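Colleague: With chain E fixed as given, assemble chain V onto it according to the hints.
Going down the list, the protein sequences come from chains E and V. When you number the first sequence by my numbering, it's gap-free, plus one each residue, and the end is 325. When you number the second sequence by my numbering, it's gap-free, plus one each residue, and the end is 1424.
One or more hints might be untrue.
[What the hints assert, rightly or not] Subject to a maximum C-alpha distance of 25 Å in a straight line, what follows is the list of computed DMTMM-like cross-link-like pairs (lysine to aspartate or glutamate):
1) Lys1127/V <-> Glu143/E
2) Lys1145/V <-> Glu143/E
3) Lys1055/V <-> Glu278/E
4) Lys1216/V <-> Glu123/E
5) Lys1203/V <-> Glu130/E
6) Lys1105/V <-> Asp144/E
7) Lys1039/V <-> Glu278/E
8) Lys1216/V <-> Glu130/E
9) Lys1213/V <-> Glu1259/V
10) Lys1213/V <-> Glu130/E
11) Lys1128/V <-> Asp144/E
12) Lys1278/V <-> Asp1395/V
13) Lys1127/V <-> Asp144/E
Hint data in this document are derived by calculation from the structure and do not stem from the laboratory. The model shown is predicted, which means the values in this text are computed figures rather than measured ones.
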Amino acid sequence: MRIAPFWPLAAATFVIGVAATFYFNEYYFVAGYLVLQGLIMATAWNILGGFTGYVNFGSAGFFAMGAYTSVVLYTAINPPLFVVIPAAAVVCGLLGLGAGYLTLRLRGVYFAIATLAMAIVLETLMVNWEYVGGAIGAFIITEDVPFFASYNAYLFVLMLALAIGSVALARYLNFSRIGRGLAAIRDDEVAAECAGVPTLRLKLISTTVMGAMMGVAGALYPYFVTFVEPVSAFSLIVAVNAIAMPMIGGTSTWVGPVIGALLLGSVQEWTKVNISSELNLLIVGVLLVGFVALAPQGIVGLAQKFAAWTREQREKRRGDDSATA
Amino acid sequence: MLRINITCLRAWVLAGVLAVSLAAVAAFPSTARAAEPIKIGFSMTLTGGLAANGKAALVAMEIWREDINKKGGLLGRQVEFVYYDDSTNPANVPGIYTKLLNIDKVDLVVSSYGTNLIAPAMPIIMKKKLVFMTLFGLAVNDRFKYDRFFQIMPSGPEPKTDWSRGFFQLAMSQSDTPKTIALLATDSEFSKNAVAGARTNAKKAGLEIVYDKTFKPGTADFSPIVRAIKATNPDLVYVGCYPPGAAGIVRAANELGLEPKMFGGSMVGLQYAALLTKLGPQLNGMVNYDFWAPEPTLDFPGIEAFLEEYQAKAREAGTDALGHYLPPYAYAYLEILGQAVNAVGSLDQGKIADYIHKTTFDTVVGPVSFAKNGEWAKTRVLMVQFQNLEANNVDQFHKPGKRVVLYPAEVKSGDFIYPYNRAR
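The following block holds chain E by itself, in its conformation from the complex:
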């Protein structure tokens, strides 16, 4: 039976990640956690933004709703994280479905504006909902977990598993019948519809999966920062990173956001403690402008171009050789 190299690599990454929590100090997990959070957000964004061609500016809204699902559950019954995470996925998946149903009639810039507006509406709701702390915010008190060196190591391992799961799902969507349908919508929605692609259903699948993934990324956030209030949960930085990472990596395949997130996320974590936190935003901005202007297909696009060029050169050389022979 054919096993794609993806699976052994994913398994090895997870095993190494878990093993590393026993060797390395906590800082690397905290930094790694944020990189992985970015990776899930980027992968999620790309399902709608890259595969389907609908630009979502409201990522922070889904992320924060994941976080607030945790806060609600924590306040009510404080369940274990393996209950919190699926709950956030369900809530945000439904949110994605609902938002998709309402806004997918809109195209292009109007859709983008609608997603941004949705995030603002959600933020206003949270600010005024006293049960989750409202504008005052809510504390989440974490307790040590057995087996892991620290709570942050535990969160890192969870995030790693979730990130691998998200990437696997995105990869499946990319290669499956659904992915081809989504690509058809991206290229020409009317033509796709005429060719019998069930566009609305596919678009709703992609908004639901995107919402659920972002919710999962947000679900652990309250446990990570221990104090959640709307301003930081709905932070624009979350939304900007979710767009910048796939743009830099390349939006057409599942690999793009992974590369973009690992690269940009690591650079951001490095600059945060070596130069300045504020520089992060500048780096994101400059890279984003640079890639959009010079390499709109991202790093994956550049790599494909380079591969095509080398192939061409090789063939040319072979042609020359046979000519001389």
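Modeller: Same frame as chain E, but now just chain V:
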């Protein structure tokens, strides 16, 4: 088929190489612990929403470092700072403190500025059982209940209600006792907490709440809000807000002639040179919280020299020109930690915490002792009344008699002019 297996094999080999190299890096710890200077690590809001305060705090903290090093340092060792900018983003804080503790190997830690940026560090600090001196968080330890936590803002042992206690004591001790109150808050952590405390105190005092609303940060036009408050004709108006709101509300109240018997509360910004100078006489009669003013009752040893040095540096750093609000406390929280370390004679965190708990410290902000929960043992949130302010004159705020301290009684520096319109 063979080709597929090779790709698969490649992936496994790659994974193996990765694992081996990771293990190799782990086997050689990168830095050896330096023996000499004592390193104090912290995160600070040097950019982002709270940058103005974070920068002012850093200037004050650096003055303390120079002062202590001139005196021979801590335990005979020089003091060094290791700090990172958290850009007022709570998500940056866990990374910064884990780096400080695990890679930079700092000896002592203190906090960033504000509740949002203190809380994310708590689990990390608690796990390592370190003393945590914190800067201006509101009731952070109510939930964590950590016995090595200390907080330098003089809110008092019950931070939320102690905060506005003075305002209500003053109001209720007047012969013409107020009966109604209007409450207004920005939708943000600090303001809403302050007003929640005021609500409790108002109910306790038997006041009728005739207006109780919030507004969004970023609100520009306050006339509709002030008109609505005026329509309820309250005896007291208690506002919790940040500097932009403070400027807008004071202006609107002046333009629309809002004149309750007492007006003020927890308006952040009415302690900074820029806003005080800009609003000037429009502030006359208002009663607002403060932490220090150049009144004779607050002339603690060292404060004058500190402010002189701070004000000289503030010009270069571009921070608040007066420095009466946060900087003395940013100096004091290190002062207390330093005094405790030197008194204990070691970096034993348990002993340092015990010492801080049982000692009254002499600092530039006066004598400080802590309650069991790490807050000040007794509230010293001042209630000051603006009196006789002139327009566009920053120098007047260096002199006494402009922000007259009315509460608490032990530092009272002048008489309360009541009702509000008598001081106009």
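Colleague: Hint by hint, note whether the structure agrees.
Modeller: Now for the hints, and whether the structure bears them out:
{"no.": "1", "hint": "Lys1127/V <-> Glu143/E", "verdict": "10 Å, holds"}
{"no.": "2", "hint": "Lys1145/V <-> Glu143/E", "verdict": "13 Å, holds"}
{"no.": "3", "hint": "Lys1055/V <-> Glu278/E", "verdict": "14 Å, holds"}
{"no.": "4", "hint": "Lys1216/V <-> Glu123/E", "verdict": "11 Å, holds"}
{"no.": "5", "hint": "Lys1203/V <-> Glu130/E", "verdict": "20 Å, holds"}
{"no.": "6", "hint": "Lys1105/V <-> Asp144/E", "verdict": "22 Å, holds"}
{"no.": "7", "hint": "Lys1039/V <-> Glu278/E", "verdict": "24 Å, holds"}
{"no.": "8", "hint": "Lys1216/V <-> Glu130/E", "verdict": "15 Å, holds"}
{"no.": "9", "hint": "Lys1213/V <-> Glu1259/V", "verdict": "19 Å, holds"}
{"no.": "10", "hint": "Lys1213/V <-> Glu130/E", "verdict": "14 Å, holds"}
{"no.": "11", "hint": "Lys1128/V <-> Asp144/E", "verdict": "12 Å, holds"}
{"no.": "12", "hint": "Lys1278/V <-> Asp1395/V", "verdict": "13 Å, holds"}
{"no.": "13", "hint": "Lys1127/V <-> Asp144/E", "verdict": "9 Å, holds"}
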